[in-house]
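Enquirer: Protein sequence lines correspond, in order, to chains A and B. Each residue of the first sequence is one higher than the last, beginning at 181 in the working numbering. Each residue of the second sequence is one higher than the last, beginning at 14 in the working numbering.
Treat the hints with care, since some could be wrong.
[Unchecked claim] Derived DSSO-like pairs: lysine-lysine, alpha-carbon spacing no greater than 30 Å straight-line:
1. Lys-37/B with Lys-91/B
2. Lys-248/A with Lys-236/A
3. Lys-240/A with Lys-37/B
4. Lys-37/B with Lys-282/A
5. Lys-81/B with Lys-91/B
6. Lys-37/B with Lys-81/B
7. Lys-91/B with Lys-282/A
8. Lys-282/A with Lys-81/B
[Unchecked claim] Facing chain A, from chain B, some residues (calculated, C-beta under 8 Å):
9. Leu-58
10. Tyr-61
11. Phe-104
12. Gln-118
Everything labelled a hint here was simulated from the structure, so no lab data went into it. Where is the CB? At the ideal position from N, CA and C, for every residue including glycine.
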Amino acid sequence: GNSVTQMEGPVTLSEEAFLTINCTYTATGYPSLFWYVQYPGEGLQLLLKATKADDKGSNKGFEATYRKETTSFHLEKGSVQVSDSAVYFCALANAGGTSYGKLTFGQGTILTVHP
Amino acid sequence: DAGVIQSPRHEVTEMGQEVTLRCKPISGHDYLFWYRQTMMRGLELLIYFNNNVPIDDSGMPEDRFSAKMPNASFSTLKIQPSEPRDSAVYFCASILSDSIPLNEQFFGPGTRLTVL
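Pulled out of the complex, with its shape left as it was, chain B reads as follows:
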C-alpha cells in the first residue's frame, strides 16, 4: 500500500504566482481532507470531500484558495495568487468510511510551501 501521496514535497514560489498542490488518496478511501499547518495557527482543516463532492469548505481562508476532486484518486488545492502568508505545510489525508467505530485518517507526507 503506497499510502497517501502528495506532490510536490517542496514548493518555492514568488508572491503573485499560482500554486497547485496535488494529492492521491489511498485507493478505495471515500473521504479526503486538506489541512494547513503553521507555527502560529497549528493544524487547520481547509476543506474535505466525500465521494469527490466537497462537504465542508468553511476552513478555506479566502477566494484565492480553491480545491477540486475530479475523481476518486486525485485532488488539487490551488492558490491564486499566492502570498507570503500562505507559506505553510499542506497535508492531505484520507479515510474509508466503511464502519463504525470511525477509521483513522491516513496523512500524506505534506507539501512545504514557501512564498517569497
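Looking at chain A on its own, in the form it has when it is part of the complex:
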C-alpha cells in the first residue's frame, strides 16, 4: 500500500535559516504529491503540489521537486520567518481507481522559527 515517511521533528531554526524537511514515499502507479501546512489552531491547507516526475511545486518561498528515481519530495525554503512556524505534512494521492481522492499523510513535522 501507499506510505509516506517524513523526517523526525521537531525542527527548530533561527529566522533566515535554510529549511529542509525530508519526505519519501512508497506508492503504486504515479501518485500526486503534496505538502500541507497546519498553523496553530487551524485546519490543514495546501502549501504546494506536484503531479508528475520532475515537477517543482512552489509557493510562499517554499519549493519541492517530485523525484521519482529517489521517491522523494523534500520541502525547502531558503530563508524562514517566524510566521512559518507550523506543522508540515507530506502527502500523496492516487488519481484513479477506488482510492481516488484519498490522501496518505506523513506523520507531520513541527517547525519552530525563533527571531
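Got chain A sorted already, so can you dock chain B onto it with the hints?
Expert: Okay, now just chain B, sitting in the frame of chain A:
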C-alpha cells in the same frame, strides 16, 4: 466562498454521552473526508464519501463511531457512547473531482473534542 464549515468548534462532554460533529463541504464538491488528529497517532482518515455514498470506512475505530451524509451539503460524525480516548481534533475536508491532476483537499477548521 465560505470554505468547509464545521460545528461546533469545541465540544466538552462526559464519558458515555453522545457526541455529534457536523460538516458542510464547499458547494459543488463531491468528495467528503473525516479525519481525526491526535498527538499519539497523528492524522487518521476515518471515512470518506463520494456523492453522499460512503466509499471507505475502514478507518472508523469501532462501532461507537458512525457517519452519515444525507445530502451533498451536510455530513455528521457521531460517537455513542463517547470515551476519554476519543478526545482529539476532528477535521472534515472536501474536494471536487472534476479533473486530473487531482484537486486539493480543502480542510475545515476542525472540532476539538474533549471527553472527560
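Enquirer: Now tell me if each hint is right for this structure.
Expert: Hint check:
With a C-alpha separation of about 15 Å, the suggested pair Lys-37/B and Lys-91/B falls inside the 30 Å cut-off, and the hint holds. With a C-alpha separation of about 12 Å, the suggested pairing of Lys-248/A with Lys-236/A holds against the 30 Å cut-off. In summary, the hint linking Lys-240/A to Lys-37/B is supported, as the alpha carbons are separated by about 29 Å, within the 30 Å threshold. Restraint check for Lys-37/B and Lys-282/A: the C-alpha separation of about 19 Å stays at or below 30 Å, so the hint holds.
For the suggested pair Lys-81/B and Lys-91/B, the alpha carbons sit about 8 Å apart, so the restraint of at most 30 Å is met. Of the supplied pair hints, the one linking Lys-37/B and Lys-81/B holds, its CA atoms being roughly 12 Å apart against a limit of 30 Å. Proposed proximity of Lys-91/B and Lys-282/A is supported: the alpha carbons are some 21 Å apart, at most 30 Å. For the hint linking Lys-282/A to Lys-81/B, the alpha-carbon distance of about 18 Å falls within 30 Å, and the restraint holds.
A cut of 8 Å between beta carbons decides the hint on Leu-58/B: the least distance to chain A is about 7 Å, and the hint holds. Hint on Tyr-61/B holds. Least Cβ distance to chain A is approximately 6 Å, under the 8 Å limit. Annotation: Phe-104/B was flagged as interfacial toward chain A, and the flag holds, the nearest CB pair being 6 Å apart, inside 8 Å. For the restraint placing Gln-118/B at the interface with chain A, the shortest Cβ-Cβ distance is roughly 6 Å, inside the 8 Å limit, so the hint holds.
In terms of the numbered hints stated before, the structure departs from none.
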